[in-house]
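K.L.:
Sequence:
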Amino acid sequence: MSNKEVMKLKYLSFILLIIGLFLISYGVYHLDDKDTNQINPNLESNDFNNNEEFRDYLWIINSRYYLYLYSDNTFSLYLNDSNHNDNYSLGTYEVYSGNDAITYISEDLSTYGVTREMLLQNIDDYRKQTNDPDILKHFYALSLNHQYVLIDGEKSFWKPTPYYGYYFNNYNSTFVNMNNNDFNNFVRLEKLYDEKFLPEHFVESFPLKQVHYSYD
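Everything in the sequence shown is counted per the numbering used here, starting at 102 for the first residue and increasing by one.
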């Protein structure tokens with residue numbers, strides 16, 4: 102084999118090596134990209150029974166509001182937990198997780214303008230931050246439907262308050278109040294074991310009728 106042929110062979114080997122390295126690096130990059138953008142939108146939230154993480158518990162919101170979520174989907178919310186006879190709201194609540202939460206927010210609460218695509222992007226971004234492939238099961242929607250509100254001894258009116266966010270067993274969680282887009286810190290305190298903490302004059306008339314709001 103002549104020197105010229107040897108040089109051509111070395112040159113061809115070099116070119117093939119460069120092409121091979123390029124293809125390997127391209128494949129690794131896009132494999133990683135595919136992995137980090139993968140999300141399972143068909144995950145069934147009911148498989149996890151996550152709604153039970155909310156029911157029958159006392160919660161504190163922003164270190165000042167005490168929210169009792171009873172097992173029959175009624176609630177009482179107190180501005181001062183030492184006085185249950187003034188500055189409170191009574192009503193019913195709805196809680197959803199996973200795909201059910203996405204559907205509830207994007208369809209039942211469609212007037213808020215939060216679409217399914219926006220929620221899936223939010224969930225995917227949070228999945229990348231937490232490196233949790235099952236992040237969808239930690240995604241919740243909670244709506245408080247205020248039916249009786251008493252502030253400083255006077256009856257008042259509060260429109261329903263919908264929230265969405267992420268909850269991880271017993272950790273502090275941040276939920277967005279969809280009425281004003283403020284972030285609210287939720288902390289689960291203790292299980293209620295079906296006991297209710299109500300104003301004295303509401304003991305006989307509670308629970309209230311469950312109402313589903315579509316906000317349309």
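Since the hints were derived computationally from the structure, they do not count as laboratory data.
Any given hint could turn out to be false.
[What the hints assert, rightly or not] Computed spacing ranges between beta-carbons, pair by pair:
| hint | residue 1 | residue 2 | range |
| --- | --- | --- | --- |
| 1 | D235 | N186 | 38 to 48 Å |
| 2 | R217 | D253 | 22 to 32 Å |
| 3 | N163 | K260 | 14 to 24 Å |
| 4 | S183 | R217 | 39 to 49 Å |
[What the hints assert, rightly or not] Quick list of in silico lysine to any residue cross-link-like pairs, SDA-like style, CA-CA up to 20 Å:
| hint | residue 1 | residue 2 |
| --- | --- | --- |
| 5 | K260 | S207 |
| 6 | K238 | Y267 |
| 7 | K238 | N188 |
| 8 | K229 | E218 |
| 9 | K292 | D187 |
| 10 | K238 | N152 |
| 11 | K229 | S211 |
| 12 | K238 | F269 |
| 13 | K238 | E255 |
| 14 | K297 | S211 |
| 15 | K260 | F276 |
| 16 | K260 | N270 |
| 17 | K292 | M219 |
| 18 | K297 | Q248 |
| 19 | K297 | L180 |
| 20 | K238 | M219 |
| 21 | K260 | K238 |
| 22 | K297 | F155 |
| 23 | K292 | S164 |
| 24 | K256 | Y166 |
| 25 | K292 | R165 |
| 26 | K238 | N186 |
| 27 | K256 | N188 |
| 28 | K297 | S207 |
| 29 | K229 | T275 |
| 30 | K238 | R289 |
| 31 | K256 | D182 |
| 32 | K260 | Q248 |
| 33 | K260 | D209 |
| 34 | K297 | N186 |
| 35 | K260 | S211 |
| 36 | K256 | N184 |
| 37 | K256 | H302 |
| 38 | K260 | K229 |
| 39 | K238 | L221 |
| 40 | K238 | R217 |
Glycine included, every Cβ here is placed at the ideal spot set by N, Cα and C.
K.L.:
Does each hint hold? Answer for all of them.
P.N.:
Going through the hints against the structure:
Here the CB-CB span from D235 to N186 is close to 43 Å, well matched to the stated 38 to 48 Å. Distance hint for R217 and D253: a CB-CB separation of about 41 Å, inconsistent with the stated range 22 to 32 Å. Restraint check, N163 to K260: a C-beta distance of roughly 19 Å satisfies the suggested window 14 to 24 Å. The hinted window of 39 to 49 Å between S183 and R217 holds, with their beta carbons roughly 42 Å apart.
At most 20 Å may separate the alpha-carbon atoms for a hinted pair to count; K260 and S207 meet this at roughly 19 Å. For the given pair, K238 sits about 9 Å from Y267 by alpha-carbon distance, which is consistent with the 20 Å threshold. Taking the CA atoms of K238 and N188, the gap is about 34 Å. The hint is violated against a cut of 20 Å. Straight-line distance between C-alpha atoms of K229 and E218 comes to about 17 Å, which keeps the hinted pair within the 20 Å bound.
Only pairs whose Cα atoms come within 20 Å are accepted, and K292 paired with D187 is rejected, the gap being roughly 23 Å. Between K238 and N152 the alpha-carbon distance is near 10 Å, which keeps this suggested pair within the 20 Å criterion. Under the criterion of a C-alpha separation no larger than 20 Å, the hint pairing K229 with S211 is inconsistent with the structure, at around 26 Å. Taking the CA atoms of K238 and F269, the gap is about 10 Å. The hint holds against a cut of 20 Å.
Using a Cα cut-off of 20 Å, the hinted pair K238 and E255 is violated, with the two alpha carbons roughly 40 Å apart. Under the criterion of a C-alpha separation no larger than 20 Å, the hint pairing K297 with S211 is inconsistent with the structure, at around 33 Å. Distance hint between K260 and F276 is fulfilled; the C-alpha atoms sit about 18 Å from each other, no more than 20 Å. A threshold of 20 Å between alpha carbons decides the hint, and for K260 with N270 the separation of about 29 Å lies outside it, so the pair is violated.
For the hint pairing K292 with M219, the CA-to-CA distance comes to about 33 Å; that exceeds 20 Å, so the pair is violated. A hinted pair counts as satisfied when its Cα atoms are at most 20 Å apart, and K297 with Q248 qualifies at roughly 17 Å. Between K297 and L180 the alpha-carbon distance is near 17 Å, which keeps this suggested pair within the 20 Å criterion. For the hint linking K238 to M219, the alpha-carbon distance of about 17 Å falls within 20 Å, and the restraint holds.
For the hint linking K260 to K238, the alpha-carbon distance of about 28 Å lies beyond 20 Å, and the restraint is violated. Pair hint K297 plus F155 holds up; C-alpha atoms about 15 Å apart against a cutoff of 20 Å. Between K292 and S164 the alpha-carbon distance is near 18 Å, which keeps this suggested pair within the 20 Å criterion. Taken as a hint, the K256 and Y166 pair is honoured in the structure, with Cα atoms around 18 Å apart against an allowance of 20 Å.
A hinted pair counts as satisfied when its Cα atoms are at most 20 Å apart, and K292 with R165 qualifies at roughly 18 Å. A threshold of 20 Å between alpha carbons decides the hint, and for K238 with N186 the separation of about 37 Å lies outside it, so the pair is violated. Proximity of K256 to N188 is assessed by CA-CA distance (about 10 Å); at most 20 Å being required, the pair is judged to hold. Note on K297 and S207: the hinted pairing is violated, with a Cα-Cα distance of about 32 Å set against a maximum of 20 Å.
Distance hint between K229 and T275 is fulfilled; the C-alpha atoms sit about 17 Å from each other, no more than 20 Å. Between the alpha carbons of K238 and R289 the distance comes to roughly 18 Å, so the proposed pair stays at or under 20 Å and holds. Restraint check for K256 and D182: satisfied, since their Cα atoms lie roughly 19 Å apart, inside the 20 Å limit. For a cut-off of 20 Å, the pair hint linking K260 to Q248 stands: about 9 Å separates their Cα positions.
Distance hint between K260 and D209 is fulfilled; the C-alpha atoms sit about 15 Å from each other, no more than 20 Å. Simply put, K297 and N186 have alpha-carbon atoms about 14 Å apart, close enough for the 20 Å limit, and the pair holds. For the proposed pair K260 and S211, the alpha carbon gap of about 16 Å is at most 20 Å, so the pair holds. Between K256 and N184 the CA atoms are separated by roughly 16 Å; this keeps the pair inside 20 Å, and the hint holds.
The hinted pair formed by K256 and H302 meets the criterion: a straight-line CA distance of about 14 Å does not exceed 20 Å. Under the criterion of a C-alpha separation no larger than 20 Å, the hint pairing K260 with K229 is inconsistent with the structure, at around 35 Å. A hinted pair counts as satisfied when its Cα atoms are at most 20 Å apart, and K238 with L221 qualifies at roughly 13 Å. Pair hint K238 plus R217 holds up; C-alpha atoms about 16 Å apart against a cutoff of 20 Å.
Hints 2, 7, 9, 11, 13, 14, 16, 17, 21, 26, 28 and 38, counting from the list given before, are not met by this structure.
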